[in-house]
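Quick note on the working numbering: the sequence shown kicks off at 171 and runs consecutively.
Calculated directly from the structure, the hints in this document are not laboratory data.
Hints should not be assumed to be uniformly reliable.
[To be verified] Within a straight-line C-alpha distance of at most 16 Å, the following computed EDC-like cross-link-like pairs (lysine to aspartate or glutamate) qualify:
#1 Lys227 x Asp347
#2 Lys196 x Asp329
#3 Lys227 x Asp344
#4 Lys238 x Glu262
#5 Lys196 x Glu308
#6 Lys245 x Glu262
#7 Lys217 x Asp344
#8 Lys196 x Asp330
#9 Lys196 x Glu310
#10 Lys245 x Glu278
#11 Lys217 x Glu310
#12 Lys304 x Asp344
#13 Lys196 x Asp322
[Claimed, not checked] Computed beta-carbon distance windows for the label pairs:
#14 Ile195 x Ala258: 29 to 37 Å
#15 Asp201 x Pro351: 20 to 28 Å
#16 Ala248 x Gly226: 16 to 24 Å
#17 Ala258 x Thr216: 35 to 43 Å
#18 Thr216 x Ala318: 25 to 33 Å
#19 Gly346 x Ala288: 35 to 43 Å
Backbone N, C-alpha and C fix where the C-beta goes; we use that ideal spot for every residue, glycine too.
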Amino acid sequence: MRVRWILQTTVWVAACMGGVAHAEIKLAAADGFWLAYAAPLQATPTKAWAALVQVGKWWDDEHTWSGKAANLSLKPTAGGCWCETWAAGSAEHGRVLMALPGRLLRIEAALGPLQEHALNGVLSLWLRQDDYGKARIELEYRVNGGSASALDAFAPQVDDVLGAQFARLVRYIDTGDAAQPAKAEQVAADSARGAAARAAILEEWKQELE
Numbered sequence: 171m172r173v174r175w176i177l178q179t180t181v182w183v184a185a186c187m188g189g190v191a192h193a194e195i196k197l198a199a200a201d202g203f204w205l206a207y208a209a210p211l212q213a214t215p216t217k218a219w220a221a222l223v224q225v226g227k228w229w230d231d232e233h234t235w236s237g238k239a240a241n242l243s244l245k246p247t248a249g250g251c252w253c254e255t256w257a258a259g260s261a262e263h264g265r266v267l268m269a270l271p272g273r274l275l276r277i278e279a280a281l282g283p284l285q286e287h288a289l290n291g292v293l294s295l296w297l298r299q300d301d302y303g304k305a306r307i308e309l310e311y312r313v314n315g316g317s318a319s320a321l322d323a324f325a326p327q328v329d330d331v332l333g334a335q336f337a338r339l340v341r342y343i344d345t346g347d348a349a350q351p352a353k354a355e356q357v358a359a360d361s362a363r364g365a366a367a368r369a370a371i372l373e374e375w376k377q378e379l380e
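Generate coordinates for the entire structure from the input sequences, incorporating the hints supplied.
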């Protein structure tokens, strides 16, 4: 039983150290859906906040109206616009409802194609730090509409897109680069982190047995 616990813990730690995020469709119904994501961070909440509000640095070009995330801007204060401006036009992706630097950013946003369906959406991002100084980021996206909105069909698609944006955000916070690393580099990095995690846990176990 003890060995099983150690192996399970090792897998969990290795996954966290490798930057693997927890993702979940908490609710998917015709009139609404609720998505949730979480991941550990190497940066402090203060540094994470500074990266978070630079949305043009980590959002994917493919999920903008202009085709360039560099055209995005976010004013991190209540009433502030998450906007996109380019030569041919402009668009509002969302509007800030609450901004607590280093802690919480909440935005009213019907993202992408959801905008034209008269839906209500709220995106919340929390930055947390435990008693050991370990930081964590959590994201929730809740969307509501009428009973004929068929949002249960939208949920998996939005989950795919938003999950990818969340992964880019985590990478940008931790490394300064939102792009997916080359597969070989990622495998090597994950292997090294996993080995370090296993060694640390086994050493702790040995000390407990002494």
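Each hint, compared with the structure:
1. Lys227 x Asp347: holds, 8 Å
2. Lys196 x Asp329: holds, 11 Å
3. Lys227 x Asp344: holds, 13 Å
4. Lys238 x Glu262: holds, 15 Å
5. Lys196 x Glu308: holds, 14 Å
6. Lys245 x Glu262: holds, 12 Å
7. Lys217 x Asp344: holds, 9 Å
8. Lys196 x Asp330: The given pair, whose Cα atoms are some 14 Å apart, holds under the 16 Å limit.
9. Lys196 x Glu310: holds, 10 Å
10. Lys245 x Glu278: holds, 13 Å
11. Lys217 x Glu310: violated, 20 Å
12. Lys304 x Asp344: holds, 13 Å
13. Lys196 x Asp322: holds, 11 Å
14. Ile195 x Ala258: 29 to 37 Å: holds, 35 Å
15. Asp201 x Pro351: 20 to 28 Å: violated, 39 Å
16. Ala248 x Gly226: 16 to 24 Å: holds, 21 Å
17. Ala258 x Thr216: 35 to 43 Å: Given a distance of about 37 Å, which is inside 35 to 43 Å, the answer is holds.
18. Thr216 x Ala318: 25 to 33 Å: violated, 44 Å
19. Gly346 x Ala288: 35 to 43 Å: holds, 38 Å
Hint compliance for this structure: hints 11, 15 and 18 are broken, all remaining hints hold.
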